[in-house]
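Colleague: The working numbering numbers the first residue of the sequence shown as 1 and each following residue consecutively.
Think of the hints as simulated: they come from the structure by calculation, not from any bench.
Please note: incorrect hints may appear among the correct ones.
[What the hints assert, rightly or not] Taking lysine-lysine pairs in the DSBU-like style, the calculated list, with each CA pair at most 30 Å apart, reads:
1. K305 to K263
2. K144 to K28
3. K293 to K27
4. K367 to K305
5. K267 to K293
6. K167 to K151
7. K144 to K167
8. K473 to K487
9. K144 to K27
10. K28 to K49
11. K267 to K237
12. K154 to K144
13. K237 to K305
14. K237 to K144
15. K295 to K28
16. K295 to K263
Every value quoted in this text rests on a predicted model; they were computed, and no experiment measured them.
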Amino acid sequence: MSIWQTLGIEQTNDEKEIRRAYARQVKKYRPDSHPEEYQQLREAFEEAKRYAAYAIDDESIADEYAKEQANIDVDVPHLESLLYQESVNEDAVNDDEQQLLEQPEIRMTYPFSDRLLDDDQPSVNELPVVEIPYTQELIDWLAKLFIIDEKAAKRELVELWENVSQKGSLQTQQRFHQDFAWALSAQEGLTEAIVEHVSSLLGWRLDEYNSEQIIPFYIQNALTEQLRQTEVARAWKQCQVDAVHGDYVVAESMRILTSQSEKVSFKVRLIPELIPQIEQQVSQLTNEYPELKEKFNPAVLSFIKQRRIALNWRGIFLCVFWGLLLNVIGAKPDVSVGITLAVTVVMIYYLFFSDYIMFWFHARSKKGFTLFLMSDFLISLGVLAIFVITFFGIARELIVGLNIGPAQGAQAMVIFILMGLLWYAWPRDQPALRRPSMMMYRLLVSPWSLLQWFKFSWFSLVWLVVLYIICYKTMFEILAFYTEFFKVG
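Please construct the entire structure, taking both the sequences and the accompanying hints into account.
Modeller: In structure tokens form, the structure reads like this:
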């Protein structure tokens, strides 16, 4: 396999492309997990860099030679004969070579001495060996010590760096920087604080534009990748901690997300606010750490993508609020049980089933969906008109009974107040055919919305009582009117 196949690129003399290819491959073949492949990759990287350097030198020499040839003045007489000489006497050249071979060997000596110059040239074995003041094992141990005891590791690093600075050459110091950075990038649990401290101690200047002069980009990328893995591991560890020590809903949601079950239990629907909590945690965690999505239970991820019928505190509160109100009104002699049940069904439809029926038709029948929208629009518009007119009459009688002014003024004030409330609650951002239905939903959800608006403070209970009285009076008038209407009919 050629060096270019090892690097995974075509033959090139672009050193930046070679470095990028090496950075991509080194993520696959780490020295700790694939030592043989990493050694081959490292050798291919060095060979490719030498090739690129020689190729650039050859191109520059060829360009200079071409420029020199282009500048030669062929009109010069003594050069013209050389440029256009057609033949050379080969026999004369061979005779000159033979004479050179027969000449005695020239031996250089010192002046006034018989000692040869070659006698003082040292052999290869006698050349001084450059001592590296550290070992790879020491580098790996020190990098691991930063994960275990950062304070002790700083002291050891300062001592080692002083030794390298005093005994090592500039090339040795540069190699130390790269070796130690590479050893750090292989440590699980590496944090950004550790990298910043080491960078400050050794002067790496990783936050500057020209940081590649000390630490190459492929090593910086390896450090960044290890930091990311540490963040993801910490996030996953926090999920496991929350599954044990978190609040009930949070702990239950994390246990479900991190479980290995192939099906979602039905009890998930029976715990209030559990499904929204799971959706919130999945959205937040996967936005910050997309790598965690592979660790979450795929059955749960598929479950929360679809709309589900489940208990929530809003639904429980509204059922209690309107249930108590209708129960009190239904016990009155002026209201029939049938009318009370009909109003109860209408409320349940708008609170819980309107959207689900619409989505059911949308997924199965286009004609059915259109028919549902038209029917829902007309019915909701009629119900809304009945509710608004009844509320207007009750408010008008109340204000007139207070004797705060003429009847016409009280009526105008009620109209303006009612128009303001309707304008505020009118769903202008919804499609036109859905606005009456959404308006009815907002009116029925208003007790819960009031509590939310006051952030569930004790003061909200006062307004809740006021709202209960208004709703009681309005619903009683509506139910009493239709009870009398059907009796007459």
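Colleague: Look at each hint and say if it fits the structure.
Modeller: Verification of the hints:
no. : hint         : in the structure
1   : K305 to K263 : holds, 14 Å
2   : K144 to K28  : holds, 21 Å
3   : K293 to K27  : holds, 21 Å
4   : K367 to K305 : holds, 26 Å
5   : K267 to K293 : holds, 23 Å
6   : K167 to K151 : holds, 25 Å
7   : K144 to K167 : holds, 24 Å
8   : K473 to K487 : holds, 21 Å
9   : K144 to K27  : holds, 20 Å
10  : K28 to K49   : holds, 20 Å
11  : K267 to K237 : holds, 26 Å
12  : K154 to K144 : holds, 12 Å
13  : K237 to K305 : holds, 25 Å
14  : K237 to K144 : holds, 21 Å
15  : K295 to K28  : holds, 21 Å
16  : K295 to K263 : holds, 16 Å
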